[in-house]
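Turn these sequences into a full structure, and let the hints steer you where they fit.
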Amino acid sequence: MMPTYPKLGLTHIEGVKKVEMKLFNSRSDVEFYEIGVFDVLWKPIPFVSLYKIMKVDYLSTVNFNVYISEEDSLGAEYLCSMSKLRADTSNQAMVASKICSRFK
Numbered sequence: 153m154m155p156t157y158p159k160l161g162l163t164h165i166e167g168v169k170k171v172e173m174k175l176f177n178s179r180s181d182v183e184f185y186e187i188g189v190f191d192v193l194w195k196p197i198p199f200v201s202l203y204k205i206m207k208v209d210y211l212s213t214v215n216f217n218v219y220i221s222e223e224d225s226l227g228a229e230y231l232c233s234m235s236k237l238r239a240d241t242s243n244q245a246m247v248a249s250k251i252c253s254r255f256k
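Just so it is clear: in the sequence shown, position 38 is 190 by the working numbering, and no numbers are missing.
Rather than coming from a laboratory, the hints here were simulated on the basis of the structure. The beta-carbon is built from N, C-alpha and C at its ideal position, and this holds for glycine as well. Fair warning: there could be bad hints in the mix.
What the hints assert, rightly or not - Derived lysine-lysine pairs resembling DSS-like cross-links, with alpha carbons at most 30 Å apart:
{"#": "1", "residue 1": "K204", "residue 2": "K250"}
{"#": "2", "residue 1": "K174", "residue 2": "K236"}
{"#": "3", "residue 1": "K207", "residue 2": "K256"}
{"#": "4", "residue 1": "K195", "residue 2": "K250"}
{"#": "5", "residue 1": "K174", "residue 2": "K204"}
{"#": "6", "residue 1": "K159", "residue 2": "K204"}
{"#": "7", "residue 1": "K207", "residue 2": "K159"}
{"#": "8", "residue 1": "K195", "residue 2": "K207"}
{"#": "9", "residue 1": "K170", "residue 2": "K256"}
{"#": "10", "residue 1": "K250", "residue 2": "K159"}
{"#": "11", "residue 1": "K256", "residue 2": "K159"}
{"#": "12", "residue 1": "K159", "residue 2": "K195"}
{"#": "13", "residue 1": "K207", "residue 2": "K250"}
{"#": "14", "residue 1": "K195", "residue 2": "K256"}
{"#": "15", "residue 1": "K170", "residue 2": "K159"}
{"#": "16", "residue 1": "K170", "residue 2": "K250"}
{"#": "17", "residue 1": "K207", "residue 2": "K174"}
{"#": "18", "residue 1": "K236", "residue 2": "K159"}
{"#": "19", "residue 1": "K236", "residue 2": "K256"}
{"#": "20", "residue 1": "K250", "residue 2": "K174"}
{"#": "21", "residue 1": "K174", "residue 2": "K256"}
Stated by the list, open to error - Taking CB as the label site, the calculated pair distances span:
{"#": "22", "residue 1": "Y210", "residue 2": "I165", "range": "18 to 26 Å"}
{"#": "23", "residue 1": "L211", "residue 2": "I165", "range": "29 to 37 Å"}
{"#": "24", "residue 1": "H164", "residue 2": "Y210", "range": "31 to 39 Å"}
{"#": "25", "residue 1": "V200", "residue 2": "R254", "range": "17 to 25 Å"}
{"#": "26", "residue 1": "L211", "residue 2": "R238", "range": "15 to 23 Å"}
{"#": "27", "residue 1": "K207", "residue 2": "G167", "range": "26 to 34 Å"}
In structure tokens:
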């Protein structure tokens, strides 16, 4: 995900902050990523995005916005993407990943 250290900015809606992000998929075995916002103790923080689970094709980039209330943004520490693996019957070992950016 880019940027590595996102900065929450103002929106035209009072009491709401926004961050613009990019997600690049370099894994051929993953098509979907879930977005999450967490505090310093890794507890989930409520947020809004167009999709919380996004389809990102292999070697593609998706731009997305995350909106957080000003009150919740005070405790927001991490914005993470988690790969979502499909269950299948193959014997290949599969690894789920969680990549996080830290708010400035």
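Given the hinted pair K236 and K159, is their alpha-carbon gap at most 30 Å?
Given that 30 Å is the threshold and the Cα spacing comes to 26 Å, the pair holds.
Is the straight-line distance between the alpha-carbon of K256 and that of K159 30 Å or less?
holds, 6 Å
Given the hinted pair K174 and K256, is their alpha-carbon gap at most 30 Å?
holds, 17 Å
CA of K195 to CA of K250, is that 30 Å or under?
holds, 15 Å
Check whether the Cα positions of K250 and K174 lie no farther apart than 30 Å.
Measuring from Cα to Cα gives roughly 15 Å; hence the hint holds.
Checking one constraint from the list: CA of K207 to CA of K159, max 30 Å. Satisfied?
Measuring from Cα to Cα gives roughly 24 Å; hence the hint holds.
Assess, step by step, whether the Cα of K207 is no farther than 30 Å from the Cα of K256, and give holds or violated.
holds, 27 Å
Between K207 and K174, does the CA-CA distance stay at or below 30 Å?
holds, 13 Å
Kindly confirm whether 26 to 34 Å is satisfied by the beta carbon distance between K207 and G167.
Holds, at about 31 Å.
Within 30 Å, alpha carbon to alpha carbon, are K170 and K250?
holds, 22 Å
Sort out whether K250 lies within 30 Å of K207, counting only the CA atoms.
Distance ~16 Å between K207 and K250 Cα, so the pair holds.
For a C-alpha distance cap of 30 Å, please report whether K195 and K207 respect it.
Between K195 and K207 the Cα gap is close to 25 Å, so the pair holds against 30 Å.
Violation of the numbered hints given earlier is confined to hint 22; every other hint is satisfied by the structure.
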